[in-house]
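Chemist: Model the placement of chain Y on the given structure of chain F, informed by the hints.
Below are the chains, spelled out letter by letter.
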Amino acid sequence: MRAQLLLAAVLALATAGSVQGQTPVRIGVLNDRSGVYADISGEGSVVAARMAVEDFKAAEKGLKVEIVSADHQNKPDLGASIARQWFDREGVDAIFDVPTSSVALAVHHVARERNKVLVDSGAGTADLTGTQCSPNTVHWTFDTVALANGTGGAMVKRGGDTWFFITADYAFGEAVQRDTTAVITGRGGRVVGAVKAPFPASDVSAFLTAARQSGAKVIGLANAGGDTITAVRQAAKLGITEGGQALAGLLIFSSDIHALTPRVAQGLVLTEPFYWDLNDATRAFSDRFAKTFNGKKPTAAQAGVYAGVLHYLKAVAALGSARDGGRVVAGMKELPTDDPLFGKGTIRPDGRKIHDMYLFEVKRPSESRGEWDLYKTLATIPGDEAFRPMGEGGCPLVGRGSVVRLDRAQP
Amino acid sequence: MTMIFGVPMQALFGQLLLGLINGSFYAILSLGLAIIFGLLNIINFTHGAQYMMGAFVAWMLLNYAGIGYWWALLLAPLAVGLFGVIMERLLIARLYKLDHLYGLLLTFGLALIIQGLFRNEYGVSGLPYAIPSELSGGQRLPFMFLPNYRGWVVVASLVVCLATWLVIEKTKLGAYLRAATENPTLVQAFGVNVPLLLTLTYGFGVALAAFAGVLAAPVYSVNPNMGADIIIVVFAVVVIGGMGSILGSIITGFTLGLIEGLTKVFYPEASSTVIFVIMVLVLLVKPAGLFGRTA
Chain F
1 MRAQLLLAAV LALATAGSVQ GQTPVRIGVL NDRSGVYADI SGEGSVVAAR
51 MAVEDFKAAE KGLKVEIVSA DHQNKPDLGA SIARQWFDRE GVDAIFDVPT
101 SSVALAVHHV ARERNKVLVD SGAGTADLTG TQCSPNTVHW TFDTVALANG
151 TGGAMVKRGG DTWFFITADY AFGEAVQRDT TAVITGRGGR VVGAVKAPFP
201 ASDVSAFLTA ARQSGAKVIG LANAGGDTIT AVRQAAKLGI TEGGQALAGL
251 LIFSSDIHAL TPRVAQGLVL TEPFYWDLND ATRAFSDRFA KTFNGKKPTA
301 AQAGVYAGVL HYLKAVAALG SARDGGRVVA GMKELPTDDP LFGKGTIRPD
351 GRKIHDMYLF EVKRPSESRG EWDLYKTLAT IPGDEAFRPM GEGGCPLVGR
401 GSVVRLDRAQ P
Chain Y
1 MTMIFGVPMQ ALFGQLLLGL INGSFYAILS LGLAIIFGLL NIINFTHGAQ
51 YMMGAFVAWM LLNYAGIGYW WALLLAPLAV GLFGVIMERL LIARLYKLDH
101 LYGLLLTFGL ALIIQGLFRN EYGVSGLPYA IPSELSGGQR LPFMFLPNYR
151 GWVVVASLVV CLATWLVIEK TKLGAYLRAA TENPTLVQAF GVNVPLLLTL
201 TYGFGVALAA FAGVLAAPVY SVNPNMGADI IIVVFAVVVI GGMGSILGSI
251 ITGFTLGLIE GLTKVFYPEA SSTVIFVIMV LVLLVKPAGL FGRTA
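As they're listed, the protein sequences go chains F and Y.
Under full-length UniProt numbering, the first residue of the first sequence is numbered 1, with each subsequent residue one higher.
Under full-length UniProt numbering, the first residue of the second sequence is numbered 1, with each subsequent residue one higher.
Chain F extracted, bound-state conformation (with noise of 0.2 Å):
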């Protein structure tokens, strides 16, 4: 009894030195654990944070740092209600990854009137950092913009000029066509029909067969993760490309690629910010999550998760709080970004992060030297080219802030 008391005590003491004089950070990876965009996010994001955490050596910096996870199931509800249970009761500071714009723009508002951190990697809609940008929100790896400019532009250079669109019916696909039809028009290329399709779909062969019947020369998917793989596989099985159409995937993961295999998804043209195999940084990277996690490597939205925590937590290790969201937020803004995966780069005041994108081709079976030799690349987009000027966007903490001083400015 006498020697448990004093173990007790001593254990007491141990953990009470360690706790000491280190700042509490506690760390929400949301996202698609067992749907269509698990493969893209789900456990990989979580063992790219913790990656991430250690590679920061946060203990050394004074910081106590915490990784929670859940599934947010692709449904924008249970999205927002875990987020507001995590920043009210279980005292997490910032939430990462958060797939599935619908579900994005939920904990985004949440995160908001909480005054937390979002920083997302995983979803696409440009809205983050447009019209309903938030001070409180960083968008990390790419959106809808940057997709419609690398993998639009290139059709419609290729003389893919006119286009039917096979649309996930929800925040997302919505987007991503919007801001593709922009290219396209703005190119001299038009749009012949559309369709949205049920989110997630297990079967989009009707909507490959109006595509076909369309004759337009680009079927563009303006979906993702499980539902892009099943209309690839697809589209090759009703003979879509023997017939001549090509397609368009406009989000389209490693992970997604890999799966599908070379052999069915050849000369298939696709934006990324980040694959495993660009140079001795990434692959060094990709190796050690591959090592942790099953031989995957880890596609951008995991890369992405990892360069944001990293980022995250040089800006709460400088200001020594995790507790303002807002003020986390101001200080990753005016730090440089820099890490192994995505180089150097800024966010900019709307939130938006930038960096370069890269235009890539799928190799063919006879060029691929192993399972995940995927891409070559056909261009590098640089970041101010790849994304939508700030002005553009419609966020109003820029639009308004410049207002107000040219307001002032004047006698």
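Everything labelled a hint here was simulated from the structure, so no lab data went into it.
Since the structure is predicted, the reported quantities are computational estimates derived from the model, not experimental observations.
Don't take each hint at face value.
Sample of chain Y residues facing chain F (criterion: CB under 8 Å; computed from the structure) [said to hold, decoys possible]:
hint, residue
1, Q10
2, S125
3, S271
Derived coverage of chain F by chain Y (criterion: at least 3 residues anywhere in the stretch with Cβ under 8 Å from a Cβ of chain Y; other residues may be distant) [claimed, not checked]:
hint, stretch
4, 188-199
5, 207-220
6, 258-268
Here are the simulated distance ranges between beta carbons [to be verified]:
hint, chain 1, residue 1, chain 2, residue 2, range
7, F, G267, Y, Q139, 19 to 29 Å
8, Y, I113, F, G394, 39 to 49 Å
9, Y, T273, F, R288, 37 to 47 Å
10, F, A290, Y, I113, 26 to 36 Å
11, Y, F108, F, P389, 47 to 57 Å
12, F, A182, Y, Y102, 52 to 62 Å
13, F, G239, Y, N183, 49 to 59 Å
14, F, D373, Y, F145, 28 to 38 Å
Backbone N, C-alpha and C fix where the C-beta goes; we use that ideal spot for every residue, glycine too.
Modeler: Below, chain Y alone, put in the same frame as chain F:
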């Protein structure tokens, strides 16, 4: 081009044909559910997971043992059916005397566990399963390109559904089954082994689900979530057709596939909900379903 309600006739026929293919899966799956419910009084929520297992067993046979599609069409239903038999003996048999709700909870829980295990092992991106070489290629019909495989799906499911219906309605075994559904105690008194009949019926219903899974593998790709996606629709089909009605579930399955196909032409946004709207309407007018007997 001839137009019907502002839609080219070609597009309409194309979509109707695709709807018929989806209807084939609805028909086989709801048939299995109807048989199990009719005799065992168990609402088998594991049906979707068992359908998924059928597809996975076919994939495993091909990738681990080099056994092709045609053998898988036989072996996968046998293997998954055996799994069903074990499940019935070990777990479901203990619930016959309890309320429906317990069977529902048990089978639903098992479905979640099975799907979770497969998801952990294989991810959600899906595994490719090639169309067997005998059925690759397709027919260039005047109104659409019909892959041979999809034609085969319709034929195979029609044959299986009709054969099942004939066995149940026209054979002695079927007569036992129907009698045991009506009054199990009396049938047992005549010396029929009712518990064995129940076990085999469950095994057969599960095997039907696995058969549909093998048929689906080349169409939808093999994915741990494939059963969860389809099973809700199939339950709606069973409710519309009338719980436990064999012929009802076959006819309703194909018809609703067609209606869903039509919706994809005229208002695609509603294609994932149209079946549930019909379910609500049918329940308002005929609470026992279109082919169900009122209790």
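Chemist: Could you run down the list of hints and mark each one as holding or not?
Modeler: Status of each hint after checking the structure:
no., hint, in the structure
1, Q10, "holds, 7 Å"
2, S125, "holds, 3 Å"
3, S271, "holds, 6 Å"
4, 188-199, "holds (count 4)"
5, 207-220, "holds (count 5)"
6, 258-268, "holds (count 5)"
7, F:G267 to Y:Q139: 19 to 29 Å, "holds, 26 Å"
8, Y:I113 to F:G394: 39 to 49 Å, "holds, 48 Å"
9, Y:T273 to F:R288: 37 to 47 Å, "holds, 45 Å"
10, F:A290 to Y:I113: 26 to 36 Å, "holds, 28 Å"
11, Y:F108 to F:P389: 47 to 57 Å, "holds, 51 Å"
12, F:A182 to Y:Y102: 52 to 62 Å, "holds, 56 Å"
13, F:G239 to Y:N183: 49 to 59 Å, "holds, 55 Å"
14, F:D373 to Y:F145: 28 to 38 Å, "holds, 33 Å"
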